[in-house]
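So the sequences go chain by chain: A and B.
Letter by letter, the first sequence follows residues 14 to 387 in this note's numbering.
Letter by letter, the second sequence follows residues 48 to 153 in this note's numbering.
Watch out, some of these pointers could steer you wrong.
Below are the DSBU-like pairs computed for lysine-lysine, each with C-alpha atoms no more than 30 angstroms apart in a straight line [unchecked claim]:
# : chain 1 : residue 1 : chain 2 : residue 2
1 : A       : 15        : A       : 273
2 : B       : 77        : A       : 168
3 : A       : 169       : B       : 77
4 : A       : 273       : A       : 223
5 : A       : 273       : B       : 55
6 : A       : 15        : B       : 77
7 : B       : 77        : A       : 273
8 : A       : 273       : A       : 169
Just so you know, these hints were derived from the structure itself, not from any lab.
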Amino acid sequence: MKYLEEFSDPVLARKLVDQIHATVTQPWAMMEVCGGQTHTIVRHGIDQLLPDGVEMIHGPGCPVCVTPLEVIDKALEIASQPGVIFCSFGDMLRVPGSGRDLFRVKSEGGDVRVVYSPLDALRVAQQNPDRQVVFFGIGFETTAPPNAMTVYQAKKLGIPNFSLLVSHVRVPPAIEAIMQSPSCRVQGFLAAGHVCSVMGTAEYPELADKYGVPIVVTGFEPLDILAGILRTVSQLEQGEHVVENAYRRAVRDEGNPAAKAMLADVFESTDRAWRGIGMIPQSGWRLSERYREYDAEYRFQVRDITTEESTVCRSGEVLQGLIKPHECSAFGTLCTPRNPLGATMVSSEGACAAYYLYRRLQTPVPAEAVASSG
Amino acid sequence: MCLAVPGKVVEIREEDGTRMGRVDFGGVLKDVCLEYLPDLEIGEYTIVHVGFALQRLDEESAMQSLALFRKLGALEEEFGDQWGLAAKQAGERRPPGTEWNQETVG
Chain A
14 MKYLEEFSDP VLARKLVDQI HATVTQPWAM MEVCGGQTHT IVRHGIDQLL PDGVEMIHGP
74 GCPVCVTPLE VIDKALEIAS QPGVIFCSFG DMLRVPGSGR DLFRVKSEGG DVRVVYSPLD
134 ALRVAQQNPD RQVVFFGIGF ETTAPPNAMT VYQAKKLGIP NFSLLVSHVR VPPAIEAIMQ
194 SPSCRVQGFL AAGHVCSVMG TAEYPELADK YGVPIVVTGF EPLDILAGIL RTVSQLEQGE
254 HVVENAYRRA VRDEGNPAAK AMLADVFEST DRAWRGIGMI PQSGWRLSER YREYDAEYRF
314 QVRDITTEES TVCRSGEVLQ GLIKPHECSA FGTLCTPRNP LGATMVSSEG ACAAYYLYRR
374 LQTPVPAEAV ASSG
Chain B
48 MCLAVPGKVV EIREEDGTRM GRVDFGGVLK DVCLEYLPDL EIGEYTIVHV GFALQRLDEE
108 SAMQSLALFR KLGALEEEFG DQWGLAAKQA GERRPPGTEW NQETVG
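Using the sequences provided together with the hints, build the complete structure.
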């Protein structure tokens with residue numbers, strides 16, 4: 014398919030890998046923010062093609078993984094109520110709440126439906142005027158414009174039985190939180206390309222400057238990832254830290270103005286707890302005052318939620334890039350995609366799922382050991 | 048879920064006052080909301096995420112990136128990064144002070 018195959022060309026990939034080897038003189042650690050990029054990296058073994066000591070730290074950019082447990086439990090509670098049709102993207106079905114998941118709610122008789130687009134959920138609401146239809150609106154800046162448009166349409170068309178359970182998160186505050194962590198080892202970032210397709214690049218120069226880190230906007234195909242890595246190590250080797258766009262075919266500096274205007278109308282900034290990481294100030298979006306009547310949290314007063322996280326699961330450390338998935342004792346034994354203890358083992362963007370799918374039969378050497386022996 | 052897929056716009060229409068279209072993903076056709084790209088035209092490629100076109104794909108930028116990637120090896124062959132080649136043969140990192148001044152890629 015156009016724009017996919019040509020950016021997976023193995024001959025050009027080899028050239029980029031060679032160029033990275035020719036550039037690097039010392040160990041570097043960089044983070045790919047987005048879970049989609051983590052999957053490309055692990056699936057194609059890109060991290061294993063890099064020079065010794067050049068490490069990819071997997072970031073928290075898996076929307077399913079960072080959705081707070083409390084919100085998952087609220088979703089489960091609302092989805093269990095009679096008269097409710099609960100619509101969600103498919104990858105939320107098996108995300109563990111405190112003890113169960115949406116898949117289980119459905120098996121127990123709840124009306125849980127998988128939709129491809131939030132607009133499909135709105136259609137369900139139009140077709141079922143006597144039922145409450147709730148859409149689970151999670152995700153980063155990429156998914157926020159579709160959800161915003163759906164709420165806008167609900168208001169415009171007057172569809173009173175539709176509401177959104179919102180838990181949006183944003184990348185720049187997460188980068189800030191990562192850099193402020195005392196255990197942070199990240200020296201550069203591959204920024205998430207499709208987040209920037211919407212938001213543009215204006216939020217990043219300040220971060221690059223403040224923390225002295227190169228930030229390279231990067232796409233999702235193997236050549237995109239390699240080009241992002243090459244630009245990052247080139248900057249690091251030259252002692253530079255600027256924002257570069259290595260994904261020009263899909264990212265303009267100004268982002269998508271129409272989508273940004275809609276976001277500004279429908280959402281407002283809020284503090285948000287990230288699952289496994291904790292509270293990050295002003296890192297989320299919720300519905301603005303004008304659209305509050307479409308907020309499922311207000312429509313359904315779900316109270317008395319006591320959350321309970323697995324005691325064994327170390328997905329929080331995985332999400333912060335502190336450990337690699339296989340360094341968790343539960344990985345591949347107690348915790349598998351069939352019986353996930355943490356969301357990172359469920360999602361197609363979770364680092365644990367990527368390692369389980371593509372690398373479970375290998376026993377990779379921890380990066381620290383590689384770096385010290387090199 | 049954050050996956051966004053490139054596709055080609057094959058049809059544009061209005062639905063409930065909303066700009067919608069059909070997008071071809073290598074043979075799979077999907078209804079897509081085009082409201083965020085008011086000037087996107089039939090025949091253009093776009094990045095689609097959960098049923099929404101979020102950004103047009105710029106053919107020229109794509110071609111430039113690929114051309115620069117192709118040029119990488121050619122440059123090396125033409126000007127010869129001898130330290131880099133030797134380091135690669137030795138399976139080690141290049142020694143400090145032997146950095147290769149390459150053009151940055153697009």
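Okay, the hints, checked on the actual structure:
1. A/15 / A/273: Status holds; Cα separation ~28 angstroms.
2. B/77 / A/168: It holds: about 25 angstroms lies between the C-alpha atoms, which stays within 30 angstroms.
3. A/169 / B/77: Between residue 169 of chain A and residue 77 of chain B the Cα gap is close to 24 angstroms, so the pair holds against 30 angstroms.
4. A/273 / A/223: Roughly 25 angstroms separates the two Cα atoms, so the pair holds.
5. A/273 / B/55: 23 angstroms, holds
6. A/15 / B/77: Holds. Residue 15 of chain A to residue 77 of chain B sits at ~17 angstroms (cutoff 30 angstroms).
7. B/77 / A/273: 24 angstroms, holds
8. A/273 / A/169: 19 angstroms, holds
Going down the numbered hints, you'll see the structure goes against none, and every one checks out.
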